[in-house]
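Undergrad: Listed below are the residues making up each chain.
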Amino acid sequence: MTVLANPQLWAGTLSLAVPLAFPAIGGTFSERTGVVNIAMEGIMLVGAFFAVACSHWTGNPWLGLLAAMVAGGLVSWMFAWAAIRIAADQVVLGMAINFFGAGITAFLLNTIFGYNGTPTSTPALPMVTFPALANVPVLGWFFHQQSVLVYLMLLLVIVSHWFLFHTRLGLRMRAVGENPLAADTLGLNVWRLRYTGVIIGGVLSAIGGAYLSIGILNSFDVNMTDGRGYIALAAMIFGKWTPFGSFGAALLFGFASSLGNVLQGSNVPTDLIAMLPYALTILALAGLVGRSTAPAADGIPYLPNR
Amino acid sequence: MNSVWQNIGRNIGMPLLASLFAIVIGGIIVAIIGFNPLVVYGSLVSGAFGNLYNLGSTLSGAVPLILIGLGIAIAFKAGLFNIGADGQYWVGAMASVWIGYHFTGMPGFPHILLALLGGMLAGGIWGGIVPGLAKAYLGAHEVITTMMMSYIGIFLVEYMIEEPHAPMRQPGFFPQSPQIATNTQLAPFLPLQVFQQSQLSVGLWIALAAAVVVWILLQRTTFGFQVRAVGFNQRASRYAGIRVPLYTVLTLGISGVFAGLAGGVQMLGVQYQLNDSFASQYGYTAIVVSLLARNNPFGCVIAGIFFAALNTGGQNMQQVSGVPASLTQVLTGLIIFFVAAERLIPMMRAWVRRRRPDARSHAADEGGTLA
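Chains as they are written, first to last, in numbering that gives the first Met the number 0: chain A, 0 to 305; chain B, 0 to 370.
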């Protein structure tokens with residue numbers, strides 16, 4: 000029980016949730032418009048790499064973040080084009096993007112920066128402690144020395160919920176994911192809405208990647224996402240394709256990983272603790288949260304008869 | 000007859016064309032950074048096939064990819080996506096190694112058989128029981144459950160050797176298990192010194208036999224027919240009296256059996272013990288193998304060799320030409336992209352025809368096949 004009073008556990012929970020929550024919410028946007036997105040892993044890597052590279056070249060980590068978003072947007076635009084315009088198999092495409100992302104970032108890292116990796120002088124995004132938040136009992140544990148992206152994530156959860164469920168554009172995007180034919184009949188541009196969803200997804204995934212490279216570190220490592228894109232996919236499905244659900248699942252994974260970190264060196268085998276989030280997910284899927292149903296047109300290309 | 004040729008063209012021609020596109024784009028990337036693409040690709044090919052040793056390494060690397068790819072292809076045939084083959088592979092490896100260094104009194108052949116069966120059983124349980132049952136009876140998405148079980152499996156194997164007093168840890172500085180008994184090590188593929196050096200074991204024969212078995216299973220048995228029926232249309236299969244939940248559990252289980260067999264063959268033929276090499280990513284590459292093979296068992300053999308060749312050739316390419324080996328991963332991504340984007344070809348053909356007004360009437364003749 001003393002473990003639960005350890006502030007590091009809770010700060011770690013929030014921090015480790017960030018690189019899962021961004022791509023999970025991004026994936027939510029994509030899949031709500033009807034495009035299955037398992038490309039988060041690859042797009043995260045692309046985002047992570049260009050964040051470091053531009054942060055190094057310009058000396059400004061914010062420009063690095065911007066570069067990550069642009070790069071993630073471009074890659075997901077390619078993904079969207081193939082998935083929407085030429086109706087390619089979206090799962091296969093996602094795997095393609097993942098391999099391409101892992102390959103191209105390792106390739107660029109070695110050809111641009113050599114085999115020693117990115118320079119250690121690369122500036123990172125600032126860490127922020129708001130005194131108002133830090134002084135609240137218990138809650139303060141969460142907000143000790145967090146990257147600015149942590150606060151951006153909290154904002155994103157609320158904004159994307161509002162956007163998807165309380166704006167006209169959000170309603171239209173969801174309609175396209177449920178019944179594109181009906182949406183088309185009503186005069187909505189199915190393809191354009193799907194492009195929007197996929198590209199928002201890519202940009203958010205890239206921010207998740209940038210958090211790893213310039214949010215908590217200032218370097219890029221080959222395959223540094225380490226499967227987080229796939230876990231984000233699980234978090235999105237676990238969260239039933241909603242921003243709050245995705246965030247909750249990301250927090251659960253963050254908590255379990257953080258618990259593993261905090262318990263390191265104690266008598267409890269860390270490998271067994273590390274299994275916890277995955278076992279919890281299975282249990283939750285198998286009964287606690289009930290059946291999670293994907294948007295009805297998720298993964299089905301829409302080809303209007305013209 | 001015509002449709003047979005069209006089918007062959009689609010199943011072989013498209014992956015070939017996709018690979019060609021990817022190789023050309025890869026060549027352009029290489030040329031941009033100032034290398035001669037021909038030299039780079041030459042070193043890649045010679046690194047993969049240039050001599051018997053390299054060929055042996057390539058084929059040796061192909062064995063786990065072929066076996067896991069076959070399993071994933073079976074799942075795909077039933078409309079299930081087994082994304083967690085990595086964990087099934089490691090759990091199978093763990094079971095095989097455990098049997099391999101116990102029961103040392105047994106003669107070689109039955110011991111090998113027992114170790115491989117243990118690996119298959121472990122992989123099958125890992126793929127079939129939790130993800131299969133959860134999918135069939137609780138509707139839990141198999142993409143998540145297989146992946147979650149995969150992480151759990153890898154952590155379990157890590158746990159077995161990592162802690163100082165872990166159950167399968169050999170005393171000593173390195174986290175590794177004891178070696179399997181010498182007489183359970185698989186013999187070289189052919190009785191040649193070079194295949195022993197390149198670690199090409201009879202595992203390749205096992206992989207080739209497995210491809211034949213899967214082909215017969217899918218194409219020539221009632222079981223295979225029902226698997227394909229479930230994959231084609233689940234609701235119709237249910238009305239036709241096929242027990243869809245049972246087939247879900249069975250196909251995911253068999254998918255895991257092959258991944259577990261791959262783990263066993265790799266341990267008995269190449270590694271001989273468990274050690275900290277969990278980042279193999281065979282599971283993900285094998286997904287690509289079965290995708291490129293369009294779930295055809297013999298295609299899995301070719302695709303497995305192809306991706307293994309990219310891997311071994313890439314190492315040589317990096318040494319000879321200085322181009323990072325990760326270029327091969329870029330190529331992999333591009334190949335899958337173009338395989339997925341198969342409609343690109345007819346679209347481009349139609350586009351070219353539209354640009355040539357004199358060919359318009361000709362295009363109209365064939366318009367039916369393009370639509």
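Worth double-checking, as some hints may not be accurate.
[What the hints assert, rightly or not] Facing chain A, from chain B, some residues (calculated, C-beta under 8 Å):
| # | residue |
| --- | --- |
| 1 | 35 |
| 2 | 38 |
| 3 | 128 |
| 4 | 140 |
| 5 | 147 |
| 6 | 150 |
| 7 | 161 |
| 8 | 162 |
| 9 | 269 |
| 10 | 340 |
| 11 | 347 |
[Said to hold, decoys possible] Not everything, but these chain A residues come out facing chain B in the computed CB check (under 7 Å):
| # | residue |
| --- | --- |
| 12 | 87 |
| 13 | 94 |
| 14 | 98 |
| 15 | 105 |
| 16 | 187 |
| 17 | 190 |
| 18 | 261 |
| 19 | 264 |
| 20 | 267 |
| 21 | 268 |
| 22 | 275 |
| 23 | 284 |
| 24 | 285 |
Keep in mind the hints are simulated off the structure, nothing from the lab.
Glycine included, C-beta positions come from ideal geometry on N, C-alpha and C.
Undergrad: Would you mind marking each hint as holding or not holding in the structure?
TA: How the hints compare with the structure:
1. A hinted interface residue such as residue 35(B) counts as satisfied when its beta carbon comes closer than 8 Å to some beta carbon of chain A; here the least separation is about 15 Å, so the hint is violated.
2. With 8 Å as the threshold, the beta carbon of residue 38(B) stays out of range of chain A, its nearest partner Cβ sitting at about 16 Å, so the hint is violated.
3. Here the hint on residue 128(B) is broken, as its CB sits about 11 Å from the closest CB of chain A, past 8 Å.
4. The beta carbon of residue 140(B) comes within 6 Å of a beta carbon in chain A, closer than 8 Å, and the hint placing it at the interface holds.
5. Given hint, residue 147(B) at the interface with chain A, holds; its Cβ is 4 Å from that chain's nearest Cβ, closer than 8 Å.
6. The criterion of a C-beta within 8 Å of any C-beta in chain A is met by residue 150(B), whose closest approach is roughly 5 Å, and the hint holds.
7. Interface hint at residue 161(B): satisfied, since its Cβ lies 6 Å from the closest Cβ of chain A, which is below the 8 Å cut-off.
8. This hint holds: residue 162(B) has a C-beta 5 Å from the nearest C-beta of chain A, less than the 8 Å allowed.
9. Residue-level restraint check for residue 269(B) is violated (minimum Cβ-Cβ distance to chain A is 23 Å; threshold 8 Å).
10. Taking 8 Å as the C-beta contact cut-off toward chain A, the hint placing residue 340(B) at the interface holds, the least distance being around 5 Å.
11. Of the supplied interface hints, the one on residue 347(B) is violated, with its beta-carbon coming no nearer than about 10 Å to a beta-carbon of chain A, more than 8 Å.
12. At about 4 Å, the closest approach between the beta carbon of residue 87(A) and any beta carbon in chain B falls short of 7 Å, and the interface hint on this residue holds.
13. For residue 94(A), the interface hint holds, since its Cβ comes within 7 Å of a Cβ in chain B; the closest pair sits about 6 Å apart.
14. Taken as an interface hint, residue 98(A) checks out: its beta carbon lies about 4 Å from the nearest beta carbon of chain B, inside 7 Å.
15. Hint on residue 105(A) holds. Least Cβ distance to chain B is approximately 4 Å, under the 7 Å limit.
16. Because the closest C-beta pair between residue 187(A) and chain B is about 24 Å apart, greater than 7 Å, the hint is violated.
17. The criterion of a C-beta within 7 Å of any C-beta in chain B is not met by residue 190(A), whose closest approach is roughly 15 Å, and the hint is violated.
18. Interface restraint check for residue 261(A): the shortest CB-CB distance to chain B comes to about 17 Å, outside 7 Å, so the restraint is violated.
19. Annotation: interface hint on residue 264(A) violated; nearest CB of chain B at approximately 12 Å, more than 7 Å.
20. With 7 Å as the threshold, the beta carbon of residue 267(A) stays out of range of chain B, its nearest partner Cβ sitting at about 10 Å, so the hint is violated.
21. Interface restraint check for residue 268(A): the shortest CB-CB distance to chain B comes to about 5 Å, inside 7 Å, so the restraint holds.
22. Because the smallest distance between the Cβ of residue 275(A) and any Cβ of chain B comes to about 9 Å, over 7 Å, the interface hint for this residue is violated.
23. A distance limit of 7 Å between C-beta atoms decides the matter here; for residue 284(A) the minimum to chain B is near 4 Å, and the interface restraint holds.
24. A hinted interface residue such as residue 285(A) counts as satisfied when its beta carbon comes closer than 7 Å to some beta carbon of chain B; here the least separation is about 5 Å, so the hint holds.
Hints 1, 2, 3, 9, 11, 16, 17, 18, 19, 20 and 22 from the list above are not met by this structure, while the remaining hints are.
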